[in-house]
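Q: Chains as they are written, first to last, in the numbering used here: chain H, 366 to 772; chain Y, 366 to 772.
Any given hint could turn out to be false.
One copy or two, either will do: identical chains are not told apart, so a pair holds if it fits within one copy or between any two.
In silico lysine-lysine, DSS-like type, Cα no more than 30 Å apart, as pairs [claimed, not checked]:
id: 1; residue 1: K392; residue 2: K420
id: 2; residue 1: K643; residue 2: K586
id: 3; residue 1: K682; residue 2: K616
id: 4; residue 1: K390; residue 2: K420
Since the hints were made in silico from the structure, they are not lab data. Computed from a prediction, not measured in an experiment: that's the story for all the values here.
Each chain, written out:
There are 2 protein chains.
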Amino acid sequence: MSLIVQKYGGTSVGSIERIQAVALKVKQRRDQGDAVVVVVSAMSGETDRLLGLAKAIQSQPAPRELDVLLATGEQVTIALLSMALQAIGCPARSYTGAQVQIRTDSAHNKARIRDIDDARIHADLNAGRVVVVAGFQGIDEHGNITTLGRGGSDTSAVAMAAALEADECQIYTDVDGVYTTDPRIEPKARKLDRITFEEMLEMASLGSKVLQIRAVEFAGKHQVPLRVLSSFEEGEGTLISLEEEIVEDAKIAGIAFAKDEAKLTVLGVPDHPGVAHKILGPVSDANIEVDMIIQNIGADACSTDFTFTVHRNDYAKAMEILRQTAESLAAREVHGDQEIVKISLVGVGMRSHAGIASRMFEALAQVGINIRMISTSEIKISVVIDEKYLELGVRALHEAFDLSKPA
Amino acid sequence: MSLIVQKYGGTSVGSIERIQAVALKVKQRRDQGDAVVVVVSAMSGETDRLLGLAKAIQSQPAPRELDVLLATGEQVTIALLSMALQAIGCPARSYTGAQVQIRTDSAHNKARIRDIDDARIHADLNAGRVVVVAGFQGIDEHGNITTLGRGGSDTSAVAMAAALEADECQIYTDVDGVYTTDPRIEPKARKLDRITFEEMLEMASLGSKVLQIRAVEFAGKHQVPLRVLSSFEEGEGTLISLEEEIVEDAKIAGIAFAKDEAKLTVLGVPDHPGVAHKILGPVSDANIEVDMIIQNIGADACSTDFTFTVHRNDYAKAMEILRQTAESLAAREVHGDQEIVKISLVGVGMRSHAGIASRMFEALAQVGINIRMISTSEIKISVVIDEKYLELGVRALHEAFDLSKPA
């Protein structure tokens, strides 16, 4: 007998019919002899509906009260799913975050889970019941209702799996797994059977939005095997696990990309110690997150060129700040470009395999793509290129690294 | 400084605009220097919407899960009202039934309140906050969410007022008080300034549906002064209080009526001890509630005639049962009539004033109304008449007892 935590998102429980379909899936698993805990989100559209009510009253709703309001979304789902399970002869019991004691800090709207009291759940599982838990929500030490922020149900499920020492945490969603890249860009993209936590983190943060980053981090930290699979199709999905369990000898897991970046460059900055801080300090003071940062020697030996990327929404503000900084630093000029895209090759295999970077640059050069920026880490190489080359670049790399063939 | 518990029903909080109007009313009261606890229902229509979702899954939804589902209705309202209060500069904090520890028994869907932990509320009130509590719901000793059944928010408010030893419990609704009779039947009906708990119980149970009976009983038992008033109009409403506080010398408080009754008669039952039980036992075994019961001597001295009334919905079933009973008892015949109505004169004053009954019968006779049944209690006289005489009868009695003039 295994102990499985399953998580179904808003689309998977978006109607009575879908909730009934989920009930069947859950019952199937239980009928195999496994103990099942189900974590659910609010029915799709419900959180937005509630948020709309709140915003009609306050443009910045009081965080504590917003959590009281939003927590009702999942509470509706747990009740309906428990009814649907009982209706097909599967004993079930629902719990809100407060009832099952998902204890969090007091950061309303973005709380973090501290611990979970598993006694009640184990008692129900031992009695043969499926336990249905409201995701996304918890309770702080004063008994206030908290929420983990959007998408937090993934984290609830992983935290639940960790607390229960579950054999696997299964995240049911509307895709059937993690792909080598976005199939809308490269139709030959292949579903991965396995991927490591580190690779998944890079893939997720770079735009392949399948799982919440925090959930993956949490799963990695607590070594909870995580599986992404489809609510609507049969299949084994993708297992996210520790590196040592990955048997494939793949160098590259996949190709991620980010379309919403913009780059800013300041040229001819007098090269003194602390110049990077002087440039980026005012930007981060304005709460603008900086992604890639590159500093090069300038046209003459005593000056430097400095480039960084930000989210495209922050471009105008960042540019305004940078112009002021450039003036005070007596820099030569300031450039900006919003029509860029970042493509990243991700894979733990590149640690032990030389030549990945040069093969990447070669593949891009062969199709005539000029690289604007390069940044590397242990398991990732990112390049910034002109936006118009996005599809071409992704396909060239997918081809060059043979990603459409199973490793 | 007074401590006031206010309760707003579903219609009063049926939209964002109405919630904002309630917030203004609450703030007004607090600005007068009073401490205010607000108990709210689900927004009108919400409970039915949730019930619809449940019934789409199970025709008889699991009671525990139904409570988890329905309790979200009030939770939405408390969050929105607290936001609306904060938006106009009035500090407020919301509590679910579980958070404020409204402890009930475990009878899901129709739980009864056992006690309320008032420590948390007093702490908030002392800190100058308005406390907004979800009505209709509580928590049992095992931490399960319970609901008090439809309309239970009135009871929540009264229980809250009793636990806090509030100076007054104000029930805001869509009528501006308790009237001498239904103004749709008698336009001259007058709003009462005061009424006793006993009178209110009789008026409520007989069809003047302003307040939940259980709430009135609870208020009477715990001597909580109760006031009914309108959410939409200004005014003092009607105060429901103990008899000794009623200064008016009114003989009659008002006229109630019930349009949905039906009467059944069995004639010529051999008059043996225990015959009433033999007739009514099978009826109550079928879960049919019996209202009036009258037994008379029959046409001959050794038989009896027996009449009782039931809700019109139960008439067919009751008649079927009665026919079987009549046969087994060798009764002469069975009659039934669905076109009847019950009119009741209610007033604690009639205890000490003789002649009320005869004046009532006289008034009805003067307009040619034949009385089919009579039943009396200490503070009430009820008659059953033909349905077609309802309006005529109510108006004749309203006139005869001078109810349109202030006492």
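Q: A separate judgement is required for each hint: does it hold in the structure or not?
A: Each hint, compared with the structure:
1. Only between protomers do K392 and K420 lie at most 30 Å apart by alpha-carbon distance; the minimum there is 21 Å, versus 39 Å within a single protomer.
2. For the homomeric pair K643 and K586, neither the shortest alpha-carbon distance inside one copy (35 Å) nor that between copies (73 Å) is at most 30 Å.
3. Neither within a single protomer nor between protomers do K682 and K616 lie at most 30 Å apart by alpha-carbon distance, with minima of 39 Å and 78 Å respectively.
4. Taking identical chains as interchangeable, the C-alpha atoms of K390 and K420 lie at most 30 Å apart only when they sit on different chains, with a minimum of 21 Å there against 37 Å within one chain.
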